[in-house]
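Sequences listed follow chains A and B, in order.
Going by this note's numbering, the first residue of the first sequence is number 46, and it counts up by one from there.
Going by this note's numbering, the first residue of the second sequence is number 26, and it counts up by one from there.
There's no promise every hint is true.
Using 30 Å as the maximum straight-line C-alpha spacing, the simulated DSS-like pairs for lysine-lysine come out as follows [said to hold, decoys possible]:
1. A/K185 to B/K68
2. A/K224 to A/K268
3. A/K253 to A/K223
4. B/K186 to A/K197
One-sided excerpt, in silico: chain A residues whose CB lies under 8 Å from chain B [said to hold, decoys possible]:
5. D116
6. R118
7. F145
8. G148
9. F150
10. Q192
Listed next, the stretches of chain B that the computed footprint assigns to chain A, with coverage defined by at least 3 CB atoms under 8 Å from CB atoms of chain A [what the hints assert, rightly or not]:
11. 36-47
12. 102-110
Bear in mind the hints are in silico, worked out from the structure with no lab data behind them.
Backbone N, C-alpha and C define an ideal beta-carbon position, used for all residues, glycine too.
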Amino acid sequence: MTPAIKIDQVHKSFGALQALQGIDLTIDQGEFFALLGPNGAGKSTLISLLAGLIRPSSGTLSVMGHDVVTDSRNARRLLGVVPQELVFDPFFNVREMLRFQAGYFGLGRGNDSWVDEVIEGLGLADKAHTNMRALSGGMKRRALIAQALVHKPPVVVLDEPTAGVDVELRQMLWEFIKKLNRAGHTIILTTHYLEEAETLCSRVAMLKQGKIVALDSTENLLKRSPGKHLRLKLEPSRLPESLQQLLRGEEGGFYTLVLNHAEQLGDVLTELRNADICVLDIQLIEADLEDVFVEIVGNRK
Amino acid sequence: MIGMYTLFKKEILRFWKVSFQTVLAPVITALLYLLIFSHVLEKHVQVYPGVSYTAFLIPGLVMMSVLQNAFANSSSSLIQSKVMGNIVFLLLTPLSYGEFFIAFLAAAIIRGIVVGACVCLVGLLIVDLPMVHPFAVLAFALLGSALLGALGIIAGIWADKFDQMAAFQNFIIMPLSFLSGVFYSIHSLPPFWQQVSHLNPFFYMIDGFRYGFFGQADISPAISLTVVGISFLALSWFTLQMLKSGYKLRG
Numbered sequence: 046m047t048p049a050i051k052i053d054q055v056h057k058s059f060g061a062l063q064a065l066q067g068i069d070l071t072i073d074q075g076e077f078f079a080l081l082g083p084n085g086a087g088k089s090t091l092i093s094l095l096a097g098l099i100r101p102s103s104g105t106l107s108v109m110g111h112d113v114v115t116d117s118r119n120a121r122r123l124l125g126v127v128p129q130e131l132v133f134d135p136f137f138n139v140r141e142m143l144r145f146q147a148g149y150f151g152l153g154r155g156n157d158s159w160v161d162e163v164i165e166g167l168g169l170a171d172k173a174h175t176n177m178r179a180l181s182g183g184m185k186r187r188a189l190i191a192q193a194l195v196h197k198p199p200v201v202v203l204d205e206p207t208a209g210v211d212v213e214l215r216q217m218l219w220e221f222i223k224k225l226n227r228a229g230h231t232i233i234l235t236t237h238y239l240e241e242a243e244t245l246c247s248r249v250a251m252l253k254q255g256k257i258v259a260l261d262s263t264e265n266l267l268k269r270s271p272g273k274h275l276r277l278k279l280e281p282s283r284l285p286e287s288l289q290q291l292l293r294g295e296e297g298g299f300y301t302l303v304l305n306h307a308e309q310l311g312d313v314l315t316e317l318r319n320a321d322i323c324v325l326d327i328q329l330i331e332a333d334l335e336d337v338f339v340e341i342v343g344n345r346k
Numbered sequence: 026m027i028g029m030y031t032l033f034k035k036e037i038l039r040f041w042k043v044s045f046q047t048v049l050a051p052v053i054t055a056l057l058y059l060l061i062f063s064h065v066l067e068k069h070v071q072v073y074p075g076v077s078y079t080a081f082l083i084p085g086l087v088m089m090s091v092l093q094n095a096f097a098n099s100s101s102s103l104i105q106s107k108v109m110g111n112i113v114f115l116l117l118t119p120l121s122y123g124e125f126f127i128a129f130l131a132a133a134i135i136r137g138i139v140v141g142a143c144v145c146l147v148g149l150l151i152v153d154l155p156m157v158h159p160f161a162v163l164a165f166a167l168l169g170s171a172l173l174g175a176l177g178i179i180a181g182i183w184a185d186k187f188d189q190m191a192a193f194q195n196f197i198i199m200p201l202s203f204l205s206g207v208f209y210s211i212h213s214l215p216p217f218w219q220q221v222s223h224l225n226p227f228f229y230m231i232d233g234f235r236y237g238f239f240g241q242a243d244i245s246p247a248i249s250l251t252v253v254g255i256s257f258l259a260l261s262w263f264t265l266q267m268l269k270s271g272y273k274l275r276g
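Kindly generate the complete structure, drawing on both the sequences and the hints.
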């Protein structure tokens, strides 16, 4: 099967800045894929390249087998992009704007029922006749997502779709995007909320300074995590010398220790008892994608 | 075809929705020029024998409105969507650069002609105007608005900010249109300035357009048509190259 996205040795530099340095990535049809990375890692640059908004310095990218530079018309027809910024055309209302957008893709009146379906699906029905300018931030975000879907693209890229969105809307958008994925759309999203990637995405790529530093299934990445976190509140509030090497952090009176396996817990408690330190509170926390992320992307040695 | 037509339709609706500002306002401006200049000069100036100054002035004002509004349509649409960021929605579509060009150009022509026609109708209320060669009127209106529409696309793509656009308008478009013979015949100028005027493409558009009404002009309408036609083709070619290269639109 043709991969949804195929990226081959892509480099992109802006003047002296090397934004992307040799990206190789293949995303299969039907995948739910996350691109993670700190600000400035090159996520948005990669998306702009896929969308044909900028051109690669070298290397090739294709969408469903169509090169984004040499066969851009077909590539763009198959791709829906939700930009990160809340941009909008202040002259039109939601429905007008969506119909225009579908029209640019060569779709006429016959597509109007799909446009209405998208409006309905994103809870925009009672805002359909509202001018884009008058929409709240959350509504603008929905309209932006609707705009990327008007031409039924098999591949949908969402650049931080839930940035600055409240919890309720975030849940709603997740459900909607999951539904899209179940309906067969390949989904690629970038996000700062690692929880989002963890619950939604089957595969994750982590970018750092223009390079892919990790690429695996979410499950496997979680296995790479350094085990469990133990949070302790102690009386007196000090840690015996022997436990210092496990210490990861200290805040609000809690010491956070890293355990590579559960059996270590007994040893820790024994050490504390030997040092005559009382445990006032204890929490055992599963490592999540955030820890993996910090481990891989962070500058921790 | 649907894509290009949609963009054209959107560009038309964009100005039509704010027609108070995009159609009525320029008509009022032209009317003010007409009232003031004809009041001051009607009894003192006769450019062509048998043609009153007011009648002489109207085609010039009509053409100036056509040109300025054609320019304003494509340039303001582009600079606005660039500054707002919503130009991205056009760049994400499979529209080709040629379709992009034609849609913006056609909308600019329509805006120019609509405003020009309104100014003309208002002018007809004030003074009777002959129209000796309607085809010349139409040809120059179409070519002139197309030329300025293309110039508007160039300016809209080149300018990154509103003040750069204002500079383009105030330092290029305004002087060229005011010094093109809208308000006077260039024969009334000293020889040196007559020569300079011949370098101004706006002069040929105004002069040829006026010929359509009165059957007389400062220079031969065939020369004007050739100059305007060639300028339009050259500018279109340049605009298309600009769009094709993705200059300032695609990095």
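Quiz item: If you take the shortest Cβ to Cβ gap from A/F145 to chain B, is it below 8 Å?
Solution: Holds: closest Cβ of chain B sits about 5 Å from A/F145, inside 8 Å.
Self-check item: Agreement of B/K186 and A/K197 with the hint, judged by alpha carbon distance not exceeding 30 Å
Solution: Violated, at about 34 Å.
Quiz item: Regarding the pair A/K253 and A/K223, is the alpha-carbon distance no greater than 30 Å?
Solution: Between A/K253 and A/K223 the Cα gap is close to 27 Å, so the pair holds against 30 Å.
Quiz item: Does A/F150 meet its interface restraint, that is, does its C-beta lie within less than 8 Å of any C-beta in chain B?
Solution: It holds, given that the least Cβ distance between A/F150 and chain B is near 6 Å, below 8 Å.
Quiz item: Holds or violated: A/R118 as interface residue toward chain B, Cβ cutoff 8 Å?
Solution: holds (4 Å)
Quiz item: Going straight from one Cα to the other, do A/K185 and B/K68 come out at no more than 30 Å?
Solution: violated (60 Å)
Exercise. Would you check whether A/G148 satisfies its interface hint, that is, whether its CB is within less than 8 Å of any CB in chain B?
Key: holds (3 Å)
Exercise. Can you take a look at whether the segment 102-110 of chain B is actually covered by chain A? Rule is 3+ residues, C-beta closer than 8 Å.
Key: holds (count 3)
Quiz item: For the pair supplied as a hint, A/K224 and A/K268, is the alpha-carbon distance within the 30 Å limit?
Solution: holds (27 Å)
Quiz item: How about A/Q192: closest beta carbon in chain B under 8 Å, or not?
Solution: holds (7 Å)
Exercise. Take the segment 36-47 of chain B, compare each residue's beta carbon with every beta carbon of chain A, and decide whether three or more fall closer than 8 Å.
Key: holds (count 4)
Exercise. Using Cβ atoms only, decide whether A/D116 comes closer than 8 Å to chain B, and label the hint accordingly.
Key: violated (10 Å)
Hint compliance for this structure: hints 1, 4 and 5 are broken, all remaining hints hold.
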